[in-house]
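All chains should be modelled from the sequences, with the hints used to inform the complete structure.
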Amino acid sequence: MKRAVFGVGLIILCAWTIVPIYLLALGALGGSDVVYAWPKPFLPLAWSARSFASFLAIEGIWPAMLRSMEVAVLCMIFSIALGAPAGYALARFAFRGANTYRLLILVTRAFPVGILALPLAVTYVRLGIYDTALGVALIHTALALPFAVLVTSSLFLGIPRELEEAAWVFGCSGIAAFRRIVLPLALPGVAATAIFAFVISWNEVFAASVLTVRHKTLTAFLLSVLSESPLQAQLAGGLLLILPSVIFIFAVRRYLFAMWGIASR
Amino acid sequence: MADIRIDAVRKQFGAMEALKQISLDVRDGEFVALLGPSGCGKTTLLRIVAGLETQTSGRVLIGGRDVSTLPPRARGLAMLFQNYAVFPHMTVRQNVAFGLQMLKAAADRISRQVQRSAEMMHIEDLLDRYPAQLSGGQRQRVAVARALAVEPAVLLMDEPLSNLDALLRLQMRAELKAVLAEAGTTTLYVTHDQTEAMGLADRIAVMHEGRIVQMAPPVEVYRKPRTVFVGGFVGNPPMNFLKLPVNAGEVRLGALTMTPPNRVNGSVVLGVRPEDLELAECGFGFRVQVAEPLGPHILLTGEAEGQRMRVAIPPDRAVRAGETVMLRPKLAHIAWMDAESGLALEGE
Amino acid sequence: MADIRIDAVRKQFGAMEALKQISLDVRDGEFVALLGPSGCGKTTLLRIVAGLETQTSGRVLIGGRDVSTLPPRARGLAMLFQNYAVFPHMTVRQNVAFGLQMLKAAADRISRQVQRSAEMMHIEDLLDRYPAQLSGGQRQRVAVARALAVEPAVLLMDEPLSNLDALLRLQMRAELKAVLAEAGTTTLYVTHDQTEAMGLADRIAVMHEGRIVQMAPPVEVYRKPRTVFVGGFVGNPPMNFLKLPVNAGEVRLGALTMTPPNRVNGSVVLGVRPEDLELAECGFGFRVQVAEPLGPHILLTGEAEGQRMRVAIPPDRAVRAGETVMLRPKLAHIAWMDAESGLALEGE
Amino acid sequence: MSRTATAPSESPLPLREGVGGRVSRRAALRPYILIAPSLIFLLLLFFIPLVQTIALAFRTSAGAGFGNFGKVWNDLDFFDAVKDTFALVVVAVPVQLALALGMSMMLRHVRRGRDLILWIWSIPLGISDLAAGLVWLAILTDKGYLNSVLFQLGVIPGPQSWLTYETPVVLFCAILTAELWRATAIVFMILVAGVQLVPKEFEEAASVFGATAWQRFCRVTLPLLRPSIQTALILRTVLAFETFAVVLAIGGTNFPVLISQAFIWQNQNQDYGTAAAYAVIVMVVSLTATAVYLVALRPRAGEPA
Amino acid sequence: HPARAQEVTFLSTQMRPLEEAQRARTQILNGAPVKTTYVPEEPPQLPVHLQADAQGSHTISLVGALHGEFAPLVPMGLLAPLDDQEALLKQRGIPDNLATLAHLGGEHLMYVPWMQATYIMAASKKALQYLPEGAKLETLTYSQLGEWAANAQKATGQRVLGFPAGPTGLMARFLEGYLLPSYTGGTVVNYRSPDAETMWADFKALWAHANPNSTNYNFMQEPLLSGDVWIAWDHVARLQDAFRKQPNDFVAFPAPAGPKGRSFMPVIVGLAVAKDAPNAAGAKQVIDYLLKPEMQVTTLRVTSFFPVVKVAVPEDLDPGMTLEAQAVAQQQAAPDAKPVLLPVGLGSHGGEFDRVFTDTFQRVVLRGQTVHEVVQREAQDMQRVLDAAKAPCWSPDPPSQGTCQVK
Ligand SMILES: Nc1ncnc2c1ncn2[C@@H]1O[C@H](COP(=O)(O)OP(=O)(O)OP(=O)(O)O)[C@@H](O)[C@H]1O
Ligand SMILES: Nc1ncnc2c1ncn2[C@@H]1O[C@H](COP(=O)(O)OP(=O)(O)OP(=O)(O)O)[C@@H](O)[C@H]1O
Ligand SMILES: [Mg+2]
Ligand SMILES: [Mg+2]
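Taken in order, these protein sequences are the chains called A, B, C, D and E.
What the first sequence shows, in this note's numbering, is residues 28 to 292, in sequence order.
What the second sequence shows, in this note's numbering, is residues 6 to 353, in sequence order.
What the third sequence shows, in this note's numbering, is residues 6 to 353, in sequence order.
What the fourth sequence shows, in this note's numbering, is residues 7 to 311, in sequence order.
What the fifth sequence shows, in this note's numbering, is residues 741 to 1147, in sequence order.
Hints in this document: simulated from the structure, not taken from any laboratory.
Any given hint might turn out to be false.
[Said to hold, decoys possible] Under the rule of at most 20 Å between Cα atoms (straight-line distance), these lysine to aspartate or glutamate pairs were calculated in the DMTMM-like manner:
id, chain 1, residue 1, chain 2, residue 2
1, E, K865, A, D60
2, D, K206, A, E86
3, E, K775, A, E86
4, B, K109, B, D71
5, E, K866, E, E878
6, E, K775, E, D1016
7, E, K866, E, D989
8, E, K1032, E, D1016
9, E, K866, E, E847
10, E, K1050, E, E1034
11, E, K985, A, E86
12, B, K335, B, E255
13, C, K229, C, E156
14, E, K1015, E, D823
15, D, K77, E, D1099
16, B, K182, B, D130
17, E, K1015, E, D1028
18, E, K1015, E, E878
19, E, K866, A, E86
20, D, K89, E, D1099
21, D, K77, E, E1055
22, E, K1050, E, E887
23, C, K182, C, E156
24, B, K229, C, E297
25, C, K335, C, D207
26, E, K830, E, E1055
27, B, K335, B, E308
28, C, K229, B, E297
29, C, K182, B, E297
30, E, K1000, E, D1076
31, E, K985, E, E1055
32, B, K335, B, E351
33, E, K944, D, E172
34, D, K206, C, E58
35, C, K182, C, E214
36, B, K182, C, E58
37, E, K1032, E, E826
38, D, K77, E, D1028
39, A, K29, C, E58
Keep in mind that this is a model prediction, so the values were computed, not measured.
Have a look at this one:
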C-alpha cells in the first residue's frame, strides 16, 4: 500500500517534469498546425523535423555549437578550480570575513549581469578578451562561482575531518589530502557544480551576446533571434538548446551518486 | 633515532583543561602504553603528538627535533584513530596501501606490505571490499593494517583492538609485539585493556585527569602503584584499600599487627590486591557477600573492617555468600598509602 | 511479555552469507549475551532484530508478535550501536532525551530519566556538550545512556562498553545488571569481553561464521563447550586442545591413562582449561617457553606432546622458561571432542 | 563571523597545525590563500564593471545623488514590482525547498532506476528561461494545453483566459507553477549531493528509538542537512530575485518584478541610470536575504558546523 | 587585422528572425561586392557593442538599425558622418523627408535610408461579418472600430480586438503615432488638451472589448494565427507571418481615423558606418549595393520592409505581402491621411518619451485613474523629457523656437 502511494508519487513527479518537455517537443516537431490548433492534440499527429533541419542548416550554427561547448567546458573547469578551494576554506576554517566573502561572491548573482553590459564589454575590450571564447567562459565562471563555492563548501562540511586527519598523518600534504580524500568524497557536490556550471554557461545568453560579435555561442546565436521568430521556430530552438544540457546531465548523473551508501562513518 | 619527548604540554579546550602539564619520554624503539580512565586525555595527547591538535603550551620532540610547529605529514609517524577513520571511498586494499603510496613506495613493495599487514590482521579476504561492507571489528583491523603497512618509525595507536574478540585480540597482540619489536618501532599505545598494556608495554604511563600519575614498567605499576588511583585503576579486579588507624606507628587488622613505613600519624591506607589475600586460620574477618566463579579463580566480594573488599581465591575452595572467612595479606605485596594525599609511602 | 524469538533467519549480502539459519529465543526479561569472533554476524543479527536490516528469510517475533515486516520504531525496542550513532547536532542531554521525546513522555519524566541515566553512565557533567566535544568513551556512554533512558522492554546492545577502561566497565556492568534486572528488560547483548558475558548473562549464545554454535548458561559454555571452537573461543586464555591417539578405548598422556567417552577410534581431542591443569609429581611433561606473571596467576606457555599449551598456575610457584614441569588435568574438567568434527563427545 | 570566539575545536578552526604564534600566523593565512584566486578573478573581471554600474546608479545629468532612485520611486510599476517580487520569492522559495526535500527523500527510497529518476527530475535544470517561458505559455494560454484538457473534459466551454490582469490570482499561480517547475531542480540537485554525506546510522538510530519517518526527517535529517539547505536557500533566493524571462513570458506587463523593470528601463527606456538603480535595489535586497539566512542558519556555539 | 579589413562586418538590428537572417545572408548579401559577415543584434545591445568596438576591438563596419535606434548613437559619437553619400540618396531617388530624418536633427547625414515600413490593421475574415453597419475597412474610424469589436464580442462572447501591449510590443507607437494625433492633430503639444482627454476616454471604452491578453502580446501575428484575436494593429513585419501563412484568411487595411484625421507613422531603417570602421570603404560599397533597386525588391521579398528608392513593386510578390503592400498604399493615399514623423531630436531620450505614453495608458485604461489628472501629471513628465533632450517640436506638431512645450 505504502509502496504503491510512493510509486504513484514518483510517477506524478516524473510526469510533472516530463510532460511540459513533451509538449515543447510536440510544438517544436508537430508542424505549425499544432501550434495554433484548438483543442490541442496531445499525440504527435505529424512529426516533422523540418524546423529542426532548417536550424541545423543555418550558416554558422556548427561553429557556434563548438564554441558553446568550449565555453561551457572552460567554465566548468574554471569554476571548480576556483570554487572548490574557496569552498574548502569556508567549510574548514572559521576566518574573519568568511561571511563577507560569501556575500561578495553572491554579488555576481545578486546583481543582474545584463545591467552591466556596457562597462563589462569595455573592460573585456581592455583585457583583450572581447569576442573570444575565453572571455565568455570567464564571465560565465563568475556566474557559476557562487554555485561552485557554496555547493562544494556545504559538502565539505559533511566530510568528517578525521578522514582528512588520517590522510595527513599518513603523509599527505594539505593539497594531497584534499585531492585524494575530500574531493572524491565530495564528488556528488563536484558533479552538481559541474552540471550547474555547464548549464549556466550553456543557457547564458546575455553576457555571451554582449561580449561577442562574430564569435557567438550557440545560445547567443539562437536565442537572441528566437524572440522574433515564429512561435514554432521558437519552440524548436528551445528544444534544440535543451538537448546538450540534458545529455550532459545524463552523462554525469552517476557521479552525483558517487557516495550513495558508502559514506557512513 | 625516533624517540618521543613530550615536554610540559598543556591543552585547553575553552575553559576545560584537558591536559595539565604533561611530560613524557618514549625511548627509541620503546613500547609505551597509555592507560587511564575514559576522558582523561589520552586521545588528546596522541593527537598533539601527531600534530592534529595544537598544544596550548609545551613542546613535542621526535628524534630530538622539535616538531611542535611541523604539520602532521612532516612528523614521520603513523596513527591509528580511535574511531578508525578508514576512507569510505577506498577499498580495503587502497586503504592499507594509502600510507605507502604517500611515501611513493615502489609498487611491488606496496603490494607486499599490503599483503603482509592484511594477513597479520586476518583481513586478506576482505581486500576488495569497501569499508561499508565490513563489520566493526573488521574495520578496526583495516585501520591497524593501514598504520602498520607504512612501517613507521613512530606509531601512535588509539585503542587499536577495542572492537575485537578476546581470541583475536590475543593473536593480534602477539603479532603486534613481534612486528613492532623487530622493526624497532617507537610506539605510544592507548588502551583500556590492562592485560594488553601489561603484556605489550615496556613501560606503562597511567594518566588521570590530564596528568601522568605514574610511568614505570608494568610490574612496578602493578606492584608499586604510586597513588591510590593507580592501584585502584590498574589490575582487574582492582586493588583493595582499607583505611586504618595508626597507633604508635602500628596498624592492627584483625589479629594482625603491621608496621607502615615511617612518619605516619592518624590513619593510613593499606592497599592489597585481591590475589594477595589468602584464606588463613589467623587473620582478619571478611564477610562474603558475592562469590563469582570466574574460571581461573573465584572472586569474592564482601566487607572487612566495614570497608568493601574483593578477594580472589583458587577455584577449588568452596566459599559461600554470607559466610565469614579469615584472610591474611601477603606482607611483601602490601602497598601503604598516605590517607590524605593518596600517595604511596616511601621506604617500605 | 517481550520475549524475542528469532526463527530460521538467514541474511545474504550479495554472494556473502552473513547469517546462516539462525534460531534463537530470548525469554522475557532474560539477558542473553552474543559472543563470537569479529565478523561472525553479531551486528547483523541485532540489526535484523531491530528491523534495520531485512532478513533474506526467516522471521523475528517479539512478544509473540511477528515483527518481521514492521518498521524499527514499531518494534518497541532500544538499541545501542557499535559505532554509537550519537546525534552530532544534539547536545548530550538532547541525545539522551531523544527516545523519551519520541515516546511523548512528560517533561518531568524526561528530565528525571535523563538525569538518572546520565548519572549511571557518569556523564552528568557533560550534558550540555555536543558529541564532538567528547572523548570516545564518553560518546559511548552517551549512547548507552540514550538506550537506557527509554526503559525499553527489549534492549539490543552492540558492544556497549568496548571503549571504556576496565574500572569503569566494571562499575557500568554492575549498574547495568541491576537496572536491567529490576526493570525486567529483555536484553540481547553483543560483547567480545567474556568476563562481561559471564558476569552479566543468563545465557550466552556463541556465534561462529553466521551460526549459533552453542547457547547455554555461562558456566555450561565455559565448562562444557559444545565444540572445539567454543572451547577455544571462550575463556581467556582459551582451552587447550591435545589431539591424542586412542588405543583400545584408552588414551595415554604421559604417565596418565584416561578413558574418553564411548565410540571413539583413531584419535580424540582432549580439551582442558589452563587453570584446570595442576603441577603434579606424576603426570605428563610440559616444556615451559614463556612464563608471564599476570597478577592473580602466572601464565605459562609451552608444549606438551608436541602441541602448544597454556597453563595458569598460582602466583607463588616459581617456574622458569626452559624448564619442563609435570602437569595433570583435573579429570572432572576435561572435555572430550571428536577429532574430526570438533563436536563434544556425549556421555562423559 | 562570531563563531571563532565561542567554538571549541570541532567547529571549523584553522589552527590545526603548529603551535603558538609563529606558524599559526601562517596557518591563519591559509583560508585567505584559498579564497584569493576567486577573489582576484572576480575583482578583475567583475567588480570593475560592477562598481562602474553602481556608480551609474548614483549619477544623473544633474550630478551625483539619488536622482535615479527618485525615478524608481516615482515609477508607475515600482510598488507593484516590489509586491510581486516579494510575493514570488516568499512563496516560491519555501515551496521549492519543500518540494526538493521531498524529492530527495523519496529518491533515497527508490530501489531501482534511481539515476534515471534523478535525471528526469533534473531536466528542467537544463532549460533556458526563455524556453521555460515558452513551454508554460503554450500550456497556460487561452488555447493552450491546459484549456484543451479542461475543454475535452467538459470543464470549460471554450478557450479561457488565465493570464490577464483580470485574473491576478490565477496569473500569480501560473507564474508560480512555472517557477516551481523550472527552478526546483537546482535545489533538488544540491540536496541530493548533500544527502549522501549524511550517514545513514543517525536515521537508523532515530528509527530504533521510535521516531516516525516525519520525526526522523525533522529531527535528524534536516539538521544534518543544514549546510546544503543553507546553500540551496541562499542560491535559490538570490536567483529568484533575478527571475524574469518566465515572468515576462507568462505575465506580460501585468506582473512587473524588480528585475524586469530594470531591464525595461535599460532596454526600452534606455535610461541606464535608473536601470542601474533598480539593479542596486535588487542586489541589496537579495544580499540582505542572504545575510539573514547566514545568521539564521548558523550553527550554535559548539555544534559542529 | 588584415582579413577583417578585407571584409565587412555588418551588425543589424533588423532581419533578426532566423529564417530572415538566413535569407539576408543567402539571398541578399551573397552578391555583395565585398565579403560581408551578417550579424543580427538585439537592439539593446547595439550601443553596447558599438561602444566596445570603438574602444578597441574595431570589428564592425556597417550598422543597420531603426531611425530611433540611431538617434542615441550620435551623441555617443559612434557613427561616422556620411555626407559623401548625399549624392547616392539623390541618385536613387530617396524622398527628401527621409533624407532629412537621416540627419537626425544635425548637420551631417548620419545614415542612409535603407528600407521602410509602417503599422497597419489586420483582421480575420471571420470578423468581417460583425463590421458595423455602413463601415468600410478603408475608411474605418476609431469609433467604428470600437463598435465592431463590441458587435463581435456580443456575437461570439469573445473579445477579439487585440493590441501589442506586451513587454516588447509596440503599443507606444500606436499611442504616439496613431491614436493621439488622430484625436489631437499632434503628438506633444496637445498632450493635456481636452481632445486628448476625449481620446483617452474613448480608448478606455474601446478597451473594454479588447482581449485582456493584449498586455501579453508582443507580436500580433501569433494571436491572429491562433484565432485568439481577430482584429489587430501592429507593425507590418510583426503581422507578416499571418499574411504569409494564411493569405486567404486575413485582410489588411489602413489604421482607423480619428476626429483629426488618419494618422500613421513610418518606420525607417537605415545603414550607417561605424566611427573608425575597419573597412569604411567596403561598408559604403555594401550600402551602394543594398540600395540598388533589384536588391531593394529582394529585400521586400525577404522581409516585409518596403523599398526607399523609386522602384515598382513586383507583381509576383508573395500574396500575403501583396495584401500588406496594398494596405500600406491605401493608408498613405487615404484622403484624410496624416503622416506623423518620427521624433528627431530626442536622442537617447526616445525610450523615456515612449514611456510617458505607456504610463498614461496604464494609468487611464488599465488602472482606471481619472483621465484629467493623469494627463496633467504625465504632461509634466513629457515636458521633463523634452527639456532634458532639448528637442524642438516635430511634425505634426507646429515647429517651435527652442525646446518643444506641452501646452
Ligand atoms: N553490507 C555488507 N556487504 C557485504 N558484507 C557485509 C556487509 N555488512 C557486513 N558484512 C559482512 O558480514 C559479516 C558479519 O558482519 P557483522 O557486522 O554482523 O559482524 P560482527 O559479528 O558484528 O563483527 P564485529 O565483532 O567485528 O563487529 C562480516 O563478515 C562482514 O564482512
Ligand atoms: N573539542 C573538545 N572540546 C571540549 N572538550 C573536549 C574536546 N575534545 C575532548 N574534550 C574533553 O577532553 C577530555 C579528554 O579527551 P580525550 O579524547 O583525550 O579522552 P580519552 O582519554 O581519549 O578518553 P577515552 O578513553 O574515552 O577515549 C575529555 O574529558 C573530553 O570531554
Ligand atoms: Mg580516546
Ligand atoms: Mg559488529
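We went through each hint and held it up to the structure:
1. E:K865 / A:D60: Holds: K865 (chain E) and D60 (chain A) sit about 19 Å apart, inside 20 Å.
2. D:K206 / A:E86: 54 Å, violated
3. E:K775 / A:E86: Cα-Cα ~15 Å, so holds.
4. B:K109 / B:D71: 25 Å, violated
5. E:K866 / E:E878: 17 Å, holds
6. E:K775 / E:D1016: 19 Å, holds
7. E:K866 / E:D989: 8 Å, holds
8. E:K1032 / E:D1016: With Cα atoms ~25 Å apart, K1032 (chain E) and D1016 (chain E) exceed 20 Å; violated.
9. E:K866 / E:E847: 51 Å, violated
10. E:K1050 / E:E1034: Satisfied, since the Cα-Cα distance of roughly 11 Å is no more than 20 Å.
11. E:K985 / A:E86: Cα-Cα ~25 Å, so violated.
12. B:K335 / B:E255: This hinted pair holds, its Cα atoms lying about 17 Å apart.
13. C:K229 / C:E156: 35 Å, violated
14. E:K1015 / E:D823: Holds. K1015 (chain E) to D823 (chain E) sits at ~14 Å (cutoff 20 Å).
15. D:K77 / E:D1099: This hinted pair holds, its Cα atoms lying about 13 Å apart.
16. B:K182 / B:D130: 23 Å, violated
17. E:K1015 / E:D1028: 18 Å, holds
18. E:K1015 / E:E878: Cα-Cα ~45 Å, so violated.
19. E:K866 / A:E86: Status violated; Cα separation ~40 Å.
20. D:K89 / E:D1099: 19 Å, holds
21. D:K77 / E:E1055: 52 Å, violated
22. E:K1050 / E:E887: 39 Å, violated
23. C:K182 / C:E156: 13 Å, holds
24. B:K229 / C:E297: 18 Å, holds
25. C:K335 / C:D207: 26 Å, violated
26. E:K830 / E:E1055: Measuring from Cα to Cα gives roughly 26 Å; hence the hint is violated.
27. B:K335 / B:E308: Answer holds: K335 (chain B) to E308 (chain B) is near 18 Å, not above 20 Å.
28. C:K229 / B:E297: Within the cut-off at roughly 18 Å; holds.
29. C:K182 / B:E297: With a Cα-Cα distance of about 14 Å, the restraint between K182 (chain C) and E297 (chain B) holds, given a limit of 20 Å.
30. E:K1000 / E:D1076: Distance of about 8 Å is within 20 Å: holds.
31. E:K985 / E:E1055: 19 Å, holds
32. B:K335 / B:E351: 19 Å, holds
33. E:K944 / D:E172: Holds: K944 (chain E) and E172 (chain D) sit about 15 Å apart, inside 20 Å.
34. D:K206 / C:E58: 12 Å, holds
35. C:K182 / C:E214: 29 Å, violated
36. B:K182 / C:E58: Violated, at about 38 Å.
37. E:K1032 / E:E826: 15 Å, holds
38. D:K77 / E:D1028: Distance of about 44 Å is beyond 20 Å: violated.
39. A:K29 / C:E58: Holds, at about 19 Å.
Comparing the model with each earlier hint shows violations of hints 2, 4, 8, 9, 11, 13, 16, 18, 19, 21, 22, 25, 26, 35, 36 and 38; every other hint is respected.
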